[in-house]
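*Asks:* Sequence:
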Amino acid sequence: ILMTLFLFISCNNSGKDGNSASNNSANESIKGPNLAEISKKIADSNAVVLAVKEVETLLASIDELAKAIGKKIQNNVNLGTEADKNGSLLAGAYAISTLITQKLDGLKNSEKLKEKIEGAKKISEAFTKKLKDNHTDLGINGATDNNAKKAILKTNGD
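Residues in the sequence shown are numbered consecutively from 1, following the numbering used here.
Because the hints were derived from the structure by calculation, they are not lab data. The beta-carbon is built from N, C-alpha and C at its ideal position, and this holds for glycine as well. Honestly, I wouldn't trust all of these hints.
Here are the simulated DSSO-like cross-link-like pairs (lysine-lysine), alpha carbons at most 27 Å apart as the crow flies [unchecked claim]:
no.	residue 1	residue 2
1	K85	K154
2	K150	K132
3	K130	K85
4	K116	K132
5	K129	K67
6	K71	K154
7	K150	K85
8	K53	K67
9	K103	K114
10	K121	K67
11	K53	K154
12	K67	K149
13	K53	K108
14	K154	K72
15	K121	K154
16	K41	K114
17	K154	K67
18	K121	K103
19	K71	K150
20	K108	K132
21	K114	K130
22	K67	K130
23	K129	K150
24	K122	K132
25	K53	K122
26	K71	K130
27	K130	K149
28	K53	K149
29	K129	K154
30	K114	K154
31	K41	K103
32	K67	K132
Here are the in silico distance ranges between beta carbons for each label pair [said to hold, decoys possible]:
no.	residue 1	residue 2	range
33	S39	I123	30 to 36 Å
34	E54	L153	18 to 24 Å
35	N141	Q74	16 to 22 Å
36	S88	A43	36 to 42 Å
37	E64	K130	15 to 21 Å
38	G142	G106	32 to 38 Å
39	L50	K154	21 to 27 Å
40	N75	G106	39 to 45 Å
Kindly generate the complete structure, drawing on both the sequences and the hints.
*Replies:* What follows is the structure in structure tokens.
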């Protein structure tokens, strides 16, 4: 009987009327972490990570476009050569570059990444400006392989 009484008393220590003891404002710190706040922070950080991955993918696509300079599709596995016909390819690189800038604008709300985002945005805007400023050489269907390499390839040095 004593064991049952002890068990009953120890299990019913949750406060007045069966409510938890955390209703007392003095015990608020004992409650533990605010799960709703933590969930929101996790969701926000996941959104930032996904947006950064998307920008990273767009950057990689410009590198892949650069591999197509002076190339054309043929009926076998390899690409054929078609020199000095890169206007559409450069237009695609321009469209991707403007999209990168837009995506980076959307990431500005993240304080931790703000400096890096601004740096990446400046590079993206400079690339877009370079394509715009050289539109007489690059905006034609007959854009030369050399001009296309100057515009797109990071390793070209121009």
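*Asks:* Could you run down the list of hints and mark each one as holding or not?
*Replies:* Hints, one by one, checked against the model:
1. K85 <-> K154: holds, 20 Å
2. K150 <-> K132: holds, 13 Å
3. K130 <-> K85: holds, 19 Å
4. K116 <-> K132: holds, 24 Å
5. K129 <-> K67: Holds, at roughly 21 Å.
6. K71 <-> K154: This hinted pair holds, its Cα atoms lying about 19 Å apart.
7. K150 <-> K85: Between K150 and K85 the Cα gap is close to 15 Å, so the pair holds against 27 Å.
8. K53 <-> K67: holds, 22 Å
9. K103 <-> K114: Measuring from Cα to Cα gives roughly 13 Å; hence the hint holds.
10. K121 <-> K67: Distance ~24 Å between K121 and K67 Cα, so the pair holds.
11. K53 <-> K154: holds, 20 Å
12. K67 <-> K149: holds, 9 Å
13. K53 <-> K108: Answer holds: K53 to K108 is near 15 Å, not above 27 Å.
14. K154 <-> K72: It holds: about 22 Å lies between the C-alpha atoms, which stays within 27 Å.
15. K121 <-> K154: It holds: about 16 Å lies between the C-alpha atoms, which stays within 27 Å.
16. K41 <-> K114: At roughly 17 Å apart (the allowed maximum being 27 Å), K114 and K41 satisfy the hint.
17. K154 <-> K67: Holds. K154 to K67 sits at ~12 Å (cutoff 27 Å).
18. K121 <-> K103: Holds, because 9 Å separates the two Cα atoms, which is no more than 27 Å.
19. K71 <-> K150: The hint holds at about 16 Å.
20. K108 <-> K132: Holds, because 25 Å separates the two Cα atoms, which is no more than 27 Å.
21. K114 <-> K130: holds, 24 Å
22. K67 <-> K130: holds, 19 Å
23. K129 <-> K150: holds, 14 Å
24. K122 <-> K132: holds, 15 Å
25. K53 <-> K122: Given that 27 Å is the threshold and the Cα spacing comes to 18 Å, the pair holds.
26. K71 <-> K130: holds, 22 Å
27. K130 <-> K149: The hint holds at about 13 Å.
28. K53 <-> K149: holds, 26 Å
29. K129 <-> K154: Holds: K129 and K154 sit about 15 Å apart, inside 27 Å.
30. K114 <-> K154: Holds, because 24 Å separates the two Cα atoms, which is no more than 27 Å.
31. K41 <-> K103: Within the cut-off at roughly 20 Å; holds.
32. K67 <-> K132: holds, 21 Å
33. S39 <-> I123: 30 to 36 Å: The hinted range 30 to 36 Å holds for S39 and I123, with Cβ atoms some 34 Å apart.
34. E54 <-> L153: 18 to 24 Å: Given range 18 to 24 Å: holds, Cβ gap about 23 Å.
35. N141 <-> Q74: 16 to 22 Å: Holds - the Cβ-Cβ distance for N141 and Q74, about 19 Å, lies within 16 to 22 Å.
36. S88 <-> A43: 36 to 42 Å: holds, 40 Å
37. E64 <-> K130: 15 to 21 Å: holds, 19 Å
38. G142 <-> G106: 32 to 38 Å: holds, 36 Å
39. L50 <-> K154: 21 to 27 Å: Because 25 Å falls inside the window, the suggested range holds.
40. N75 <-> G106: 39 to 45 Å: The hinted range 39 to 45 Å holds for N75 and G106, with Cβ atoms some 42 Å apart.
Violated hints are absent here; each numbered hint is respected by the structure.
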